[in-house]
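J.: Protein chains in written order, with the numbering used here: chain W, 399 to 558; chain X, 4 to 423.
Be aware that a few hints might be false.
The list that follows gives simulated cross-link-like pairs (lysine-lysine, DSS-like), each with its CA atoms no further than 30 Å apart [to be verified]:
(1) 92(X) to 154(X)
(2) 509(W) to 479(W)
(3) 39(X) to 498(W)
(4) 280(X) to 154(X)
(5) 415(W) to 509(W)
(6) 479(W) to 415(W)
(7) 415(W) to 477(W)
(8) 417(X) to 509(W)
(9) 35(X) to 498(W)
(10) 509(W) to 498(W)
(11) 534(W) to 479(W)
(12) 92(X) to 415(W)
Think of the hints as simulated: they come from the structure by calculation, not from any bench.
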Amino acid sequence: MSDLRDLYQEVILDHSKRPRNFHAMAAANRRAEGYNPLCGDRETVYLELEGDVLRDVSFQGAGCAISTASASMMTESVKGKTRAEADALFARFHELITGKGEPQAGPELGKLAVFSGVREYPVRVKCATLPWHTLKAALQGEAEPVSTEAEGPPAESGGA
Amino acid sequence: MSAVPIADSRGAPGTAYDVEAIRRDFPILATKVYGKPLVYLDNAASAQKPQQVIDAEREVYERCYANIHRGVHWLSVHATDAYDAAREKARRFVNARETGEIIFVRGTTEAVNLVAQTYGRAHVGAGDEVLITGLEHHSNIVPWQLLCEEKGARLTVAPIDDAGAVDPAALERLLTPRTKLVSVAHLSNALGTVLPIRRIAEIAHARGVPVFVDGAQAAPRMPVDVQEIDCDFYAFSSHKVYGPTGVGVLYGKAALLDAMPPYQGGGDMIRSVTFEKTTFNALPYKFEAGTPNIAGGIAFGAALDYVTAIGLDRVAAHEHDLLAYATGQLEAIDGLRIVGTAREKAGVLSFVLDGVHPHDIGTVLDREGVAIRTGHHCAQPVMDRYGLPATARASFGLYNTRAEVDALAAAIRKVIGMFR
Chain W
399 MSDLRDLYQE VILDHSKRPR NFHAMAAANR RAEGYNPLCG DRETVYLELE
449 GDVLRDVSFQ GAGCAISTAS ASMMTESVKG KTRAEADALF ARFHELITGK
499 GEPQAGPELG KLAVFSGVRE YPVRVKCATL PWHTLKAALQ GEAEPVSTEA
549 EGPPAESGGA
Chain X
4 MSAVPIADSR GAPGTAYDVE AIRRDFPILA TKVYGKPLVY LDNAASAQKP
54 QQVIDAEREV YERCYANIHR GVHWLSVHAT DAYDAAREKA RRFVNARETG
104 EIIFVRGTTE AVNLVAQTYG RAHVGAGDEV LITGLEHHSN IVPWQLLCEE
154 KGARLTVAPI DDAGAVDPAA LERLLTPRTK LVSVAHLSNA LGTVLPIRRI
204 AEIAHARGVP VFVDGAQAAP RMPVDVQEID CDFYAFSSHK VYGPTGVGVL
254 YGKAALLDAM PPYQGGGDMI RSVTFEKTTF NALPYKFEAG TPNIAGGIAF
304 GAALDYVTAI GLDRVAAHEH DLLAYATGQL EAIDGLRIVG TAREKAGVLS
354 FVLDGVHPHD IGTVLDREGV AIRTGHHCAQ PVMDRYGLPA TARASFGLYN
404 TRAEVDALAA AIRKVIGMFR
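When you get a sec, could you build the whole thing from the sequences and use the hints?
T.: Structure (structure tokens):
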């Protein structure tokens, strides 16, 4: 059994209480909205894309501690990276929080390794990936809000 | 079927409510979650099952299982008798006039869809209106929306006030000559508000408009008398009344049901079939096409026996005490706000915590063994009404205790310690 502190690590709590890059961006040339119906989380990711480089990234919205911290740390991690590097980072991050066996963070994940505890909480995977899916949508220039519905166990859509 | 007797003082009038004896009937309540005793406070989503219900379902398959209403053989006759007996138990449970008024369905959701697709399609036309309230569960919104879309009709919504109550006068103002049906919850799953459905039925009937009542949350929590309410339809689900999933009841006044077109076509709902014409069976079978959930239906009857033996009035009093106690305990927590403060409430307590998202509350409580629901509770319009993305919701059952409320309060304090 994993301890709650493995999920809610200090770094995560810190970012959820004081999210970084938490503002709208006037200079943004890409923008996407993400929605997680399970939590009711809504996040907007703003992106200033310069050629192939994510010059600046910010976000706004209301979400649970995991999704807010994930968004905050994502903006820090991908700033200045190329699209390909950001995609690769998401792939590694996704593997970290959904993979089987011992989590292998690897140096390229950097601070994002604190999310390794999420794998013990399958219903929370969507919270951590919401900002990443939203960033991806912003990069692809998708107009429709993205949902995390394809991720993990079915989200709340029925029941009482 | 051999009935499992309900032992000792649980149901005896005049005796104390023996919650410990009741708890012993529910094997799952002995479960440990992450090494901690399970505190199950998600009864509004689904209730746990007593041994009597588990045994009843198993015994059907072990002793008297066959298809019903079909065979001349011994097993079929016995299975049919047991299934019919369950229908009689359901009739008594809501005090319907006759068993023909008790349609077995998969659950409350199917009951709403059945009425929307039969009564609704026959009576709601272009420009007509279906009136609901602002605190309905999605299952009492979407079937009407589908109907209105198909017919070019309009869904109108009686507002809820800040406390989460529905003022019958506000509902009355929305009744127009185009209103063809009023559909309201008896008890709100998101806020715990008890609606004045008797008054609502009176108001609607004064205009000649029939009333559908979604009783999914009320049926396990208070005595229901459809004749006293004088509603035209009443629906509830077995799984919330401590019975199996996949069974539920649609009550309808016989005259209305008789005049309604059938819902689904198939076996059991017909009297005779030729390629030229089919004549339909009598009530309730006209609305029950195909082989039903036989064992589930019989076990549902056992669940109704179980709660009836305890007494719904006693269950209501017990849950009222828990709700009042929990309200006091939670209100004392700094930064906690109860959502839904109507004067008439039952069994359901929704709340939010300053600075902590409900989903995080749910995860921390879970690690303390406390099972609650977090999210929009399939009532997104209610959440929108309060400008909330979600709430945390504790909902009580007949087996919950004050000590479990204390465990809930202690776990919430742990959440605060972690996030502040």
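J.: Confirm or reject each hint.
T.: Against the structure, the hints come out as follows:
A C-alpha spacing of about 37 Å is found between residue 92(X) and residue 154(X), which places the hinted pair above 30 Å, so the restraint is violated. Distance hint between residue 509(W) and residue 479(W) is fulfilled; the C-alpha atoms sit about 15 Å from each other, no more than 30 Å. Straight-line distance between C-alpha atoms of residue 39(X) and residue 498(W) comes to about 26 Å, which keeps the hinted pair within the 30 Å bound. Between residue 280(X) and residue 154(X), the direct Cα distance comes to roughly 27 Å. Compliance with the 30 Å bound is thereby established for this hinted pair.
As the CA atoms of residue 415(W) and residue 509(W) are separated by approximately 17 Å, the hinted pair is consistent with the 30 Å bound. With a CA separation close to 26 Å, the supplied pair residue 479(W) and residue 415(W) stays within the 30 Å bound. For a cut-off of 30 Å, the pair hint linking residue 415(W) to residue 477(W) stands: about 21 Å separates their Cα positions. A hinted pair counts as satisfied when its Cα atoms are at most 30 Å apart, and residue 417(X) with residue 509(W) qualifies at roughly 27 Å.
This hinted pair checks out: residue 35(X) and residue 498(W) have alpha carbons roughly 25 Å apart, not beyond 30 Å. Taken as a hint, the residue 509(W) and residue 498(W) pair is honoured in the structure, with Cα atoms around 20 Å apart against an allowance of 30 Å. For the given pair, residue 534(W) sits about 13 Å from residue 479(W) by alpha-carbon distance, which is consistent with the 30 Å threshold. As the CA atoms of residue 92(X) and residue 415(W) are separated by approximately 54 Å, the hinted pair breaks the 30 Å bound.
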